[in-house]
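Trainee: As you go down the protein sequences, you meet chains P and E in turn.
Under this note's numbering, think of the first position of the first sequence as 1, with each following residue one higher.
Under this note's numbering, think of the first position of the second sequence as 1001, with each following residue one higher.
I should point out that these hints are in silico values taken from the structure, not numbers from a laboratory.
Given the structure is predicted, the values throughout are model-derived calculations rather than measurements.
Cβ coordinates follow ideal geometry from the N, Cα and C atoms, glycine included.
Careful, some of the hints might be misleading.
Straight line, CA to CA, 25 Å or less: simulated SDA-like cross-link-like pairs of lysine to any residue [stated by the list, open to error]:
{"id": "1", "chain 1": "P", "residue 1": "63", "chain 2": "E", "residue 2": "1315"}
{"id": "2", "chain 1": "P", "residue 1": "33", "chain 2": "E", "residue 2": "1305"}
{"id": "3", "chain 1": "P", "residue 1": "49", "chain 2": "P", "residue 2": "36"}
{"id": "4", "chain 1": "P", "residue 1": "63", "chain 2": "E", "residue 2": "1292"}
{"id": "5", "chain 1": "P", "residue 1": "26", "chain 2": "E", "residue 2": "1292"}
{"id": "6", "chain 1": "P", "residue 1": "26", "chain 2": "E", "residue 2": "1304"}
{"id": "7", "chain 1": "P", "residue 1": "26", "chain 2": "E", "residue 2": "1307"}
{"id": "8", "chain 1": "P", "residue 1": "61", "chain 2": "E", "residue 2": "1047"}
{"id": "9", "chain 1": "P", "residue 1": "41", "chain 2": "E", "residue 2": "1293"}
{"id": "10", "chain 1": "P", "residue 1": "33", "chain 2": "E", "residue 2": "1308"}
{"id": "11", "chain 1": "P", "residue 1": "41", "chain 2": "E", "residue 2": "1310"}
{"id": "12", "chain 1": "E", "residue 1": "1311", "chain 2": "P", "residue 2": "30"}
{"id": "13", "chain 1": "P", "residue 1": "33", "chain 2": "E", "residue 2": "1303"}
Distance windows between CB atoms, simulated [claimed, not checked]:
{"id": "14", "chain 1": "E", "residue 1": "1045", "chain 2": "P", "residue 2": "13", "range": "57 to 65 Å"}
{"id": "15", "chain 1": "E", "residue 1": "1299", "chain 2": "P", "residue 2": "42", "range": "46 to 54 Å"}
{"id": "16", "chain 1": "E", "residue 1": "1306", "chain 2": "P", "residue 2": "42", "range": "22 to 30 Å"}
{"id": "17", "chain 1": "P", "residue 1": "181", "chain 2": "E", "residue 2": "1063", "range": "47 to 55 Å"}
{"id": "18", "chain 1": "E", "residue 1": "1173", "chain 2": "P", "residue 2": "39", "range": "55 to 63 Å"}
{"id": "19", "chain 1": "P", "residue 1": "13", "chain 2": "E", "residue 2": "1225", "range": "41 to 49 Å"}
{"id": "20", "chain 1": "P", "residue 1": "70", "chain 2": "E", "residue 2": "1072", "range": "52 to 60 Å"}
{"id": "21", "chain 1": "E", "residue 1": "1299", "chain 2": "P", "residue 2": "132", "range": "30 to 38 Å"}
{"id": "22", "chain 1": "P", "residue 1": "132", "chain 2": "E", "residue 2": "1061", "range": "55 to 63 Å"}
{"id": "23", "chain 1": "P", "residue 1": "135", "chain 2": "E", "residue 2": "1225", "range": "35 to 43 Å"}
{"id": "24", "chain 1": "P", "residue 1": "163", "chain 2": "E", "residue 2": "1306", "range": "52 to 60 Å"}
{"id": "25", "chain 1": "P", "residue 1": "135", "chain 2": "E", "residue 2": "1045", "range": "34 to 42 Å"}
{"id": "26", "chain 1": "P", "residue 1": "139", "chain 2": "E", "residue 2": "1079", "range": "53 to 61 Å"}
Not close to chain P: a few residues of chain E, all C-beta gaps over 10 Å, as computed [as the list claims (entries may be wrong)]:
{"id": "27", "residue": "1002"}
{"id": "28", "residue": "1031"}
{"id": "29", "residue": "1038"}
{"id": "30", "residue": "1067"}
{"id": "31", "residue": "1132"}
{"id": "32", "residue": "1200"}
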Amino acid sequence: MGLEEFKDRNIGVKNYITVQDDNYPKTNGEVFKQIVKRSLKGELFTGLKITFNMMREALFKGKMHTVQYPAEKLPIGPRYRAVHKLLALLESGENRCIGCGLCEKICISNCIKMDTKIDENSRKEVLEYTINMGRCIFCGYCAEVCPELAIVHGQRYENASEQRAHFALKEDLLTPLDKLHLQKEYEGFGAVSPDADEKIQKTPLQY
Amino acid sequence: METSIIIETIIKAIVVLAVFSALAGFTTYIERKVLAYMQRRLGPSNVGPYGLLQLVADGIKLFTKEDFIPQNAARPVFMIAPIITAATAFIAMSAVPFFPEFELFGYVVRPIIADVNVGVLFVLGVASVGLYGPLLAGMSSANKWSLLGGARTAIQLLSYEVVSGLALLAPLMLVGSLSLIDINNYQAGGFTSWLIWSQPLAFILFVIAGFAETNRTPFDLLEHEAEIVAGYATEYSGLRWGMFFIGEYANLFTVCFLVSLIFLGGFNDLWFIPGGLAIVLKVMFLIFFFLWTRASWPHIRPDQLMWLCWKILMPLAVINILITGFVMMF
Chain P
1 MGLEEFKDRN
11 IGVKNYITVQ
21 DDNYPKTNGE
31 VFKQIVKRSL
41 KGELFTGLKI
51 TFNMMREALF
61 KGKMHTVQYP
71 AEKLPIGPRY
81 RAVHKLLALL
91 ESGENRCIGC
101 GLCEKICISN
111 CIKMDTKIDE
121 NSRKEVLEYT
131 INMGRCIFCG
141 YCAEVCPELA
151 IVHGQRYENA
161 SEQRAHFALK
171 EDLLTPLDKL
181 HLQKEYEGFG
191 AVSPDADEKI
201 QKTPLQY
Chain E
1001 METSIIIETI
1011 IKAIVVLAVF
1021 SALAGFTTYI
1031 ERKVLAYMQR
1041 RLGPSNVGPY
1051 GLLQLVADGI
1061 KLFTKEDFIP
1071 QNAARPVFMI
1081 APIITAATAF
1091 IAMSAVPFFP
1101 EFELFGYVVR
1111 PIIADVNVGV
1121 LFVLGVASVG
1131 LYGPLLAGMS
1141 SANKWSLLGG
1151 ARTAIQLLSY
1161 EVVSGLALLA
1171 PLMLVGSLSL
1181 IDINNYQAGG
1191 FTSWLIWSQP
1201 LAFILFVIAG
1211 FAETNRTPFD
1221 LLEHEAEIVA
1231 GYATEYSGLR
1241 WGMFFIGEYA
1251 NLFTVCFLVS
1261 LIFLGGFNDL
1271 WFIPGGLAIV
1281 LKVMFLIFFF
1291 LWTRASWPHI
1301 RPDQLMWLCW
1311 KILMPLAVIN
1321 ILITGFVMMF
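Here chain P stands alone, though its shape is the one from the complex:
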């Protein structure tokens, strides 16, 4: 196709060639021939054979398509953006969030609200952290921007609850202390590198 043809916007007046068109019988003789051909071809029995083989394989080879949903679940993609999780520090179980407010700032649907204060050690402390699940569009910007990998998207895709608020409060999102050993670290910007233990050097006070 040349450029001229490609640039031609006058598409309404062209004669189009249909790519796939059946050869419909035109005379009565052709109709009769088609009927006889189709009747004697045994296409219907081919259909029967296919379904029977399907049944045989389903019964004896266990080839099923069904997932017994509540009992078994399909794996979801590792990058799937489901309900958020707040990760905790592995040692102490404290909130990893440093209260920088970047996620609140970047959130395009304005659903993240946080409340911070400077505590007695003059460190920033996160008092309240909520995500309005009715507004959240699960774009993933908050997880992307977090410098500490404190907020991530979890794997909880079954968003059924009595109240939306059940997902949104800090104590629901934060990994509880007893589940700390199950917490999975996320790789990426800000994550602890896998060989962190070898790289680390003792501080002068240790000597």
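Got chain P; can you put chain E on it based on the hints?
Mentor: Just chain E now, with coordinates in the frame of chain P:
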């Protein structure tokens, strides 16, 4: 003598009613299972072992559902229509011999409720009365989809009555009797004396007509949910709808018994298999075949159905009768 016959008939009628109502329910389970495996799903599996109690659950659901009658419906007709379907389906069974004669506590039981000498005619006649069920249901529902379903009932069932009647004429000419027991005894010579070998065309035509008359899938235009919601049964709920269902499955069994009796050797002994078991196997295979086609074949349009009936099957049936006549003459 008189009273014993009356008691025997009543017992037989009750047994047939009970057995085939239960079988109709069980066939819904089998149907769902077979269809599921052919589509690589599981079917009912949670209620009871292998989902067997799904029958009971469905029954409870049907019994306790609200019995709904639309505002502008013709109430008496609307209420009677399902009864016609269910009743005629069971009445038709009264002339069908299900098993060979057997002895129970020294008493010879003939497993046929009424041995009328025009058995085939009776069964076909009563079964065709059954078409009033869907027809009246469709016309009385005050619903356009139902009306379309009723109209389709009229064209489909009436037309295929012609095909099934004409298809049966040729084997009946060979046998020379309308009694199903006579037809069965005609094929007593074993596998080779089955009427399917001398009347293959009539067999195919009758099975096709059977599909249409029992409203099974390639021809289930009456309640084709992709086109007319649920056809004649759109406005029905609860047990009235259940009666249509039971009637349909009872009809299915009647047709399967008819095909096995007329074409597949009936309840004669087959090699080492005793007759009673042989006919059960044949009927079971036919039922499976009906379910099998439901999983495999697509629906057809009403005009294609009528075209098939009047332009293909009816002429073929007439030609078959002519050929049979000539063969018998010379």
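Trainee: None of the hints should be skipped; say for each whether it holds.
Mentor: Okay, the hints, checked on the actual structure:
{"no.": "1", "hint": "P:63 / E:1315", "in the structure": "45 Å, violated"}
{"no.": "2", "hint": "P:33 / E:1305", "in the structure": "19 Å, holds"}
{"no.": "3", "hint": "P:49 / P:36", "in the structure": "21 Å, holds"}
{"no.": "4", "hint": "P:63 / E:1292", "in the structure": "19 Å, holds"}
{"no.": "5", "hint": "P:26 / E:1292", "in the structure": "35 Å, violated"}
{"no.": "6", "hint": "P:26 / E:1304", "in the structure": "18 Å, holds"}
{"no.": "7", "hint": "P:26 / E:1307", "in the structure": "18 Å, holds"}
{"no.": "8", "hint": "P:61 / E:1047", "in the structure": "24 Å, holds"}
{"no.": "9", "hint": "P:41 / E:1293", "in the structure": "17 Å, holds"}
{"no.": "10", "hint": "P:33 / E:1308", "in the structure": "16 Å, holds"}
{"no.": "11", "hint": "P:41 / E:1310", "in the structure": "22 Å, holds"}
{"no.": "12", "hint": "E:1311 / P:30", "in the structure": "16 Å, holds"}
{"no.": "13", "hint": "P:33 / E:1303", "in the structure": "20 Å, holds"}
{"no.": "14", "hint": "E:1045 / P:13: 57 to 65 Å", "in the structure": "60 Å, holds"}
{"no.": "15", "hint": "E:1299 / P:42: 46 to 54 Å", "in the structure": "20 Å, violated"}
{"no.": "16", "hint": "E:1306 / P:42: 22 to 30 Å", "in the structure": "24 Å, holds"}
{"no.": "17", "hint": "P:181 / E:1063: 47 to 55 Å", "in the structure": "53 Å, holds"}
{"no.": "18", "hint": "E:1173 / P:39: 55 to 63 Å", "in the structure": "26 Å, violated"}
{"no.": "19", "hint": "P:13 / E:1225: 41 to 49 Å", "in the structure": "44 Å, holds"}
{"no.": "20", "hint": "P:70 / E:1072: 52 to 60 Å", "in the structure": "44 Å, violated"}
{"no.": "21", "hint": "E:1299 / P:132: 30 to 38 Å", "in the structure": "49 Å, violated"}
{"no.": "22", "hint": "P:132 / E:1061: 55 to 63 Å", "in the structure": "41 Å, violated"}
{"no.": "23", "hint": "P:135 / E:1225: 35 to 43 Å", "in the structure": "40 Å, holds"}
{"no.": "24", "hint": "P:163 / E:1306: 52 to 60 Å", "in the structure": "58 Å, holds"}
{"no.": "25", "hint": "P:135 / E:1045: 34 to 42 Å", "in the structure": "40 Å, holds"}
{"no.": "26", "hint": "P:139 / E:1079: 53 to 61 Å", "in the structure": "58 Å, holds"}
{"no.": "27", "hint": "1002", "in the structure": "51 Å, holds"}
{"no.": "28", "hint": "1031", "in the structure": "13 Å, holds"}
{"no.": "29", "hint": "1038", "in the structure": "4 Å, violated"}
{"no.": "30", "hint": "1067", "in the structure": "34 Å, holds"}
{"no.": "31", "hint": "1132", "in the structure": "32 Å, holds"}
{"no.": "32", "hint": "1200", "in the structure": "14 Å, holds"}
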